[in-house]
Amino acid sequence: MKIAIEFYASLMKYLPPGGKRFRRDLKVDDGLQLQPLIDQYNISAEEAHIVLVNGHFVALENRADRVLVENDVVSIWPPVAGG
Amino acid sequence: MSWTRKILRVNLTKGSCTSEALNMDWAKEYLGQRGLASKYLTEEVDPKCDPLSAENKMIMATGPLTGTMASTAGRYSVITKGPLTGAIACSNSGGYFGAELKFAGWDMIIFEGKSDKPVYLNIQDDKAELCDGSHIWGKSAWETDDILHATYQDPQMRIACIGRTAEAGCLYAGVINDKHRAAGRSGVGTVMASKNLKAVTVRGTQGIGNIDNADSFFESTDAGKAVLAENAVTGQGLPAFGTQVLMNVINGVGGLPAHNMRDVGFAGAENISAEAMAEPRKSDGKPNLTTNAACFGCTIACGRISTIDKTHFSVKDKPQYHGASGGLEYEAAWALGADTGIDDLDALTYVNFLCNEDGFDPITFGSTVAAAMEMFEDGAITTEDTGGIELKFGSVEAFVAVTELLVTGEGFGKDLGLGSKRLCEKYGRPELSMTVKGQEFPAYDPRGIQGIGLNYATSNRGACHLRGYTIASEILGIPVKTEQTDTDGKPELVKAFQDATAVVDSAGLCIFTTFAWGMDNIAPQIDAACEGDWSVDNCLEVGERIWNMERLFNQAAGFTANDDKLHKRLLEEAIKSGPTEGQVNRLGEMLPKYYEIRGWSPEGEPTAETRQRLSL
Amino acid sequence: MQKSLNIDPGKCTGCLQCEMACSYEHTGTFNPSRSYIKVFTFHYEGRFAPYTCTQCDEAWCQRACPVDAISVDMMTGAKVISDDKCVGCKVCTIACPFGTVNYSQATGKVVKCDLCGGDPQCAAACPTDAITYVDADWTGYDKMMASASKSLPSAEVTA
Amino acid sequence: MQHIIIGAGPAGVVAAETLRKADPEANITIIGDEPEPPYSRMAIPYYLINNIEESGSYLRDPKTHYSDQNIELVQQTVDKVDVTAKQVTLADGSSRSYDMLLIATGSRPISPPIPGLDLPQVSSCWTLADARAIIERAQSGSNVVLIGAGFIGCIILEALVRRGVNLSVVEMGNRMVPRMLDENAGGLLKRWCVDKGIDVHTSCSVDAISAADNDQVDVSLSDGSKLSAALVISATGVKPNTELLDGTGIEIDQGIKVNRRMQTSNADVYAAGDVAQGIDFSTGNYEVQAIQPTATDHGRIAALNMAGQGSEHQGTLNMNVLDTLGLVSCSFGLWMGVDGGEQAELYNADEFQYINLQFEGDHLIGASSVGKTQHIGVLRGLIESKVHLGDWKARLMKDPTLTMDAYIACTQELGYS
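Residue numbers (the working numbering), protein chains in the order written: chain B, 1 to 83; chain D, 1001 to 1616; chain U, 2001 to 2159; chain V, 3001 to 3417.
Chain B on its own, in the form it takes in the complex:
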């Protein structure tokens, strides 16, 4: 299936080549869960602080069970803040 992954701030270095500024379209196996996707990039739980699927936050404890579906957009930030 086709999904997209977005890496922001200091995680931009993990972006696979091709695609737009923050975003890459990916072909993944149907039924892939969120945590295994993150693990593919060797990003630690501390680094993957804010993880959104389609703009909805997914807490660390729910990432292993979260099954991705076609056209999902996964966005990941390290710990950041501002104001």
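Each statement offered as a hint is correct.
Here are the computed lysine-lysine pairs in the BS3-like style, where the Cα-Cα straight-line distance is at most 25 Å:
1. U:Lys2011 to B:Lys13
2. D:Lys1286 to B:Lys20
3. D:Lys1282 to B:Lys13
4. D:Lys1179 to U:Lys2011
5. D:Lys1286 to B:Lys13
6. V:Lys3398 to D:Lys1318
7. D:Lys1316 to V:Lys3398
8. B:Lys2 to B:Lys20
A partial selection of chain D residues facing chain V, derived with a Cβ cut-off under 7 Å:
9. Thr1151
10. Gln1153
11. Pro1155
What the hints contain is simulated information worked out from the structure, not anything from laboratory work. Since we're looking at a predicted model, the values are computed, not measured. Backbone N, C-alpha and C fix where the C-beta goes; we use that ideal spot for every residue, glycine too.
Keeping the supplied structure of chain B fixed, place chains D, U and V upon it in accordance with the hints.
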């Protein structure tokens, strides 16, 4: 100690400068800066006075930690009754001015009365005098800074001043110090202008040598600095990306208001984000971001120093904007950009430079222009009103043009200087002003983020994120994640953030430390520096006392529970698309509970019992 | 191996922790106006440059002193002012071509960096490693001396 | 190798130390004619106000320094130098041979042709002996007239005021320190002094001094005023002590002529300090520069050459720093500028602040300032290392306070991380 225990009282009517002892009983109840100066204001100023009359006072105040080696301890605040809102106003600024004031030996300056001609205050340690300021009246804050530095030939002199917008009567003018740091919100600079006070110059060589317990002070401040350095946000995220890192986050979670809050979500957000600021420009190959910079004493260094492409239409043939200066922070980038529908980073940076150069609040300004744009598109405002400018959402040329008008108060610039509440009233569309108590919202949409809506509604200085930054928890997961669309637990969260923030603002520290520090990091630093009991519990009680004192001032000024409200658009017009589609703010679910845990009556008034508990 | 202060302006954020630490070490007060290290701000370029005595071998200050008040700390190589001997004549302040020996109105003596006896507090306080205290030959010491004693083509304004 | 140094001031002492470093085996003798161990005239003002003991003016610790370095100190007047026999004859009749000779005999105050200058109430302020005499007569409440507001006059001015005397200053020039500061700066100094209660007469000279009652003298000025004084201090300038070389054939102009190696027209005789007419950095001309930093520079270069280590003098920069009752002023190089040059100036009379920069092309060639104490040495650095200012020249023209910034920006890598 580490208060200097000295107040400089400047009577602008009489032209006198006198020194008086700091009220130490109050210092122990209100700490310093925001809290202590607000105490003086509430004791000395009639809450019902006209903010721009001689009756109002303006206080520049430092905290007990200001000027010490604690990280970020360089802050000062400007406290007055604000002209935009009529509520108590307290605007906080970094840079170097606050610490220098402390080194000169002063905890605060109370300005009262009104001068009959332009003056500036010159402070050299103990010596303070009012000087003729007619030659700097009419100059920008940058020009004023240059002229005064040349006069005294002392690069170490620090200057806080107003720009031309304040003189022109813009109701949201700020006080600019060190050229690009601002006590920006609520029109504190307008009050300064109303007193005919153009600038305060300060040079302090006395230093601070009265730390109560130096050993434990260094122990706690060193520990605090280590926490900041090791924390991913304060040690890495903020120095590298600054506050602007939020642009994509808030847009991503469906919390970024756009087009005068008509919409949520802005397609151009990524073009004006921190990541975009760091990219080489297509035009000249240089990034917008030149470096990060710290305020006095700050070991985080989140400040953005930016440059604009010299060939960009906004600065072409204007070499004074070809150098580096204070760049976009998140709130400014949102208000000037997303809210007006503009994603031209160079143009926004130029307008941001103008905010610094002439001293006006980018949040209120951007929101006011956004309201004007919506009225323009509705036909309530026409090119006849704007002097021919097609003020449409997304029109960058129009935006730059009206900004330049605002600076001098010419033509439509005069109208924009009113702020959105008065502007929308003037043009018959009061419902298009996105404000609480007359002050414009910052960059987080309360429909998609419930707690921040409650904080906006109850903020004592009108809509403000810096009174209780619940975004930290609701979006960023600091210190713990709460669900952004839930209302459960939000009254407690808002109260806790509001009280803690009052402590930080009163100590002389920067609120950004709280991304890594809890009160158990902060209280020991205050306790070591200052005489008296500054345990965590007492600090939080002081914070709660400050919050209630501010509330009581506003109550006496005529504000009621009816002013603790959000705009109809935020309560009734559901978000049309994106992750927060269908959401409205559910203030009604949170406000009664908030009053209850604050110890206030259902009418939002602190009860006698609460006032007694807090010695108010 | 003697050590020396290595300054990397590219890392400086302008926080002035170094000035605070220096003044506290030498005067017991937080007082940047009495710091022996000074951060210069290049607002137009968006740069900050901490600057202090490089403890040069030439030691113009030491040679110019008419009363032998400047000596070399054998442990650190620092040129150190003796307050007992300094009369405050200021000849060293014009003799030092780097501008890093300064007269202190507060004490009536001249002041300069003394490397804090081998534990420079500016380096300890710097949060970004813009100031480090390292073995002298790691610092490009000769390079620094060379650039200090002869000008490079003027830094182009970058903005 | 026998080195003889005549003169125990800074030039002589630095020369001896440099010789010792360069040649551990050599015999080194300093011959000075004052009774005290080698001392610094720069310290005399501080002695006058009891800030230091006499010993605080000593150039080095006399108990250990010279013996540790194996430098012989002889306290004698030299009567004669015989450059053919390579011998010096001392006042006690003894003579000493040298291989290399350094003349570092300094200078002495000039006596202007004023009637009454030989009265006992008149003193110069040059030696420790003078200082003792001044202390004797400059008692609190007594009237003192200082003739000459030049550099030397001004450095003792504060000491006199701090001793509580009623001070009058008489200066022939139209401002104070006319050979060090321009009219703006000299004018500031005058007003500063007047504000502090000093009676300052500029464009004025002393016509005569005459004895009066009670051990006082009357001083008549060219502006018609008459002053009564217990003490008159004459500080109208100095002249090099070159007489020792009269008849030796060594070339003498204003001072002893030397080349870039500080060598006189006699290959074995060198000269250094106030007595030598060395090369000036700014002009390339050979001039007498009676200032402390020049004396030590001269001493070092002369010694290196005497020890056979060729060292060419690049010229010394004329510079001065002065503290006048707390107002610090300084000047460097061609502070009056040159034809075709440009200047930048900031003048704030109310705050007693002044800075003046003189440029030629994109180089700084001279500077003066009043009211500055921080980083003033960098003016020397900018001038002497001929820093190419580039863009910074325009910035200095606009804001001349940025000299340290300019120096750092032009000489350091600012870093672009």
